[in-house]
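Residue numbers (our numbering), protein chains in the order written: chain B, 1179 to 1503; chain S, 0 to 212.
Hints are computed from structural coordinates only; laboratory data are not their basis.
The structure presented is a predicted model; accordingly, all values stated were derived computationally and were not measured.
Hints should not be assumed to be uniformly reliable.
[Claimed, not checked] Here are a few chain B residues that sit away from chain S, every Cβ distance over 10 Å (derived from the structure): (1) V1260; (2) I1284; (3) D1380; (4) L1449; (5) M1461; (6) S1486; (7) K1487.
[As the list claims (entries may be wrong)] Pairwise CB distance ranges, derived in the manner of DEER restraints: (8) S:F173 - B:T1237: 39 to 45 Å; (9) S:I123 - B:A1446: 40 to 46 Å; (10) S:R155 - B:S1486: 45 to 51 Å; (11) B:D1436 - S:L51: 53 to 59 Å; (12) B:H1407 - S:R7: 34 to 40 Å; (13) S:P87 - B:G1221: 35 to 41 Å.
Positions of the beta carbon are idealized from the N, C-alpha and C atoms, including for glycine.
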Amino acid sequence: MSRAWRWWVELTSRREPGTTLALFRVAVGVVMVTMMLSAIRGGIVDLIWVDASEGGIRTIMPGFWLLELIGGATRRNLWALVCLTLLFGTAMTLGLGGRWSVLLAIWSYRAVSSSGHANGGYDAMIFNGAWLLFLGQPSATLSLDARLRERSWVSDREVSAWPRYLLVLQLVVIYTATGLQKSSASWTFADDFSALYWFLQDPTWQRFDTTWSAFAYPLTQLATAIVWHFEVLAGLLLLVFHLRATPERSGWLRRWLDRVDGRKVFAAVGLGMHIGIAVLMDMGPFSWIAMAYYVNLWSPEEWGRFGSKMIQWGRERLPGLAVTD
Amino acid sequence: MTRWPQLRAALVLLHVVAMLLLALPSTGRMKDRGRWKGQRTQRELALWSERLRSWGIDTDAPRLEARLWGMAQRYVAFRESVGRPLEPYVAVAGVVQPWGMFRSPQRRPGELQIEVDDGDGYRIVYLSRSVEHGYLADQLDHNRFRKLIGRAVRRRPLFDALADFAIARASTDFPQARRIRVTMQRFDSLPPERVAAGETAPREIGFRREWSR
């Protein structure tokens, strides 16, 4: 057995508390349920997901096996799938039903949104994130399952660590792939980093009047340059993890990254970018689901320490509240 | 049981390989000659060929297009052959990797306008992103509907379907209406200096559909 394979088997055999995966589960579940509620509230379910023969805008060719299996995008099928997405999405958020509620949430949501003309990258981010939750043990802690099993919302039960590693890799793949596919000259110096300015002029994305962007053009150029370089160089995050995982070795880069924690730099730029997008543009849940992936940059132990600090902070400032561990 | 870690490692590796291969750019648009001839792609080819010439490379937009077309078709053949074995996994899991997001800004975007004529001439009841004309805004301004409208800017059948819906709804909601028309207006986004000078881009009719009672 080669050294590389032994390393891979060891890496995929690691176990850790389920806190990070549970936080990601809650975040994905909330996004999924909120998005479905937003579609219902906006009155668009019948219009974009139901076939034209039953009142929808377009003829829907089932793009997912489940929709095909149940007889296509009829009104009754679609509403049943919307209700199932809400039901299993809520169960997933609460951590009830383990991985099976996650799988059923993915399948029902995938069947609902298989219409290609109204899909976005955020749908794929939800599918992929939820699929890795299904492959892991998403409700080991911070869940109704833990409450029912151990009479406590939190549990020390360990889960496989590889789903979290794959979620980090997925985030890197998303950024790298989207960065490399930004083929327009306007994303680069070849057209003066003007892409963001032009996107802000397109009514498809505008949240509000964007005349201001003409006066803030240099800022939009700076933001374009930051976004493009951040995405193309996102793979460096894997180097950050590698250097952190091998502290016994020497080197100036390792020492420097020990001091600054490259994950925080990555998160500061990435979260800043997504918050900027959420404020300036209407892209549905794109920023929220992207930010949910960032949860996985930190280990369960780090989230545990952060939680303890927050509880301590709450106790100091709100002594009247009975906060328990 | 001792074989499980090995098997698990192999399955995780398969997922990683699938993730990386599926994240390679998809091929649908690359094969579409019509898209290559579209305004947006032609503008990019002109921009890149101009930049390459400024670096001393002897090319122009048609030659650059021919070279890129050849490379793209070789890539399409490769991408389709590596993607085919992964199709069953994608079908069951629902995992896809379509990360070609915000590749190129639409510098000639569109906006949807719905007008109703009660007998005194047309008046606007809906206009994309207008605060004043917000009829059907709950639906038409929803982010999923915006995508649909954004795609209908270039696709006549999609626009027609959208217009049919708008006309059907408006003819019920405005029973006094004699005529209704739905227009996809196109305009050239203006550079910052012209916007700052207070200029507004003139609108042109992209697609239009009219109805009369």
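Against the structure, the hints:
Every Cβ of chain S is farther than 10 Å from the Cβ of B:V1260; the closest lies at roughly 13 Å, confirming the non-interface assignment. Once the 10 Å rule is applied to beta carbons, B:I1284 is inconsistent with being away from chain S; the minimum gap is 6 Å. Chain S draws B:D1380 into its interface by the beta-carbon criterion, the shortest separation being 4 Å against a cut-off of 10 Å. With a least beta-carbon separation of about 18 Å from chain S, B:L1449 lies farther than 10 Å from that chain, consistent with its non-interface assignment.
Listed as outside the interface, B:M1461 is inconsistent with that label: its C-beta sits roughly 6 Å from the nearest C-beta of chain S, within the 10 Å cut-off. B:S1486, annotated as away from the interface, keeps every beta carbon of chain S farther than 10 Å; the closest lies near 31 Å. Distance check on B:K1487: its Cβ is at least 33 Å (rounded) from any Cβ of chain S, clearing the 10 Å threshold; non-interface status holds. Between S:F173 and B:T1237 the C-beta distance comes to about 27 Å, which lies outside the given range of 39 to 45 Å.
Our hint of 40 to 46 Å for S:I123 and B:A1446 holds, since their Cβ atoms are close to 44 Å apart. The given range of 45 to 51 Å is broken by S:R155 and B:S1486, whose C-beta atoms sit roughly 60 Å from each other. Checking the proposed 53 to 59 Å range against B:D1436 and S:L51 shows it is violated: the Cβ atoms sit about 43 Å from each other. Judged by the Cβ atoms, the range 34 to 40 Å given for B:H1407 and S:R7 holds: they are separated by roughly 36 Å.
Taken as a hint, the range 35 to 41 Å holds for the pair S:P87 and B:G1221, whose Cβ atoms sit roughly 37 Å apart.
Comparing the model with each earlier hint shows violations of hints 2, 3, 5, 8, 10, 11; every other hint is respected.
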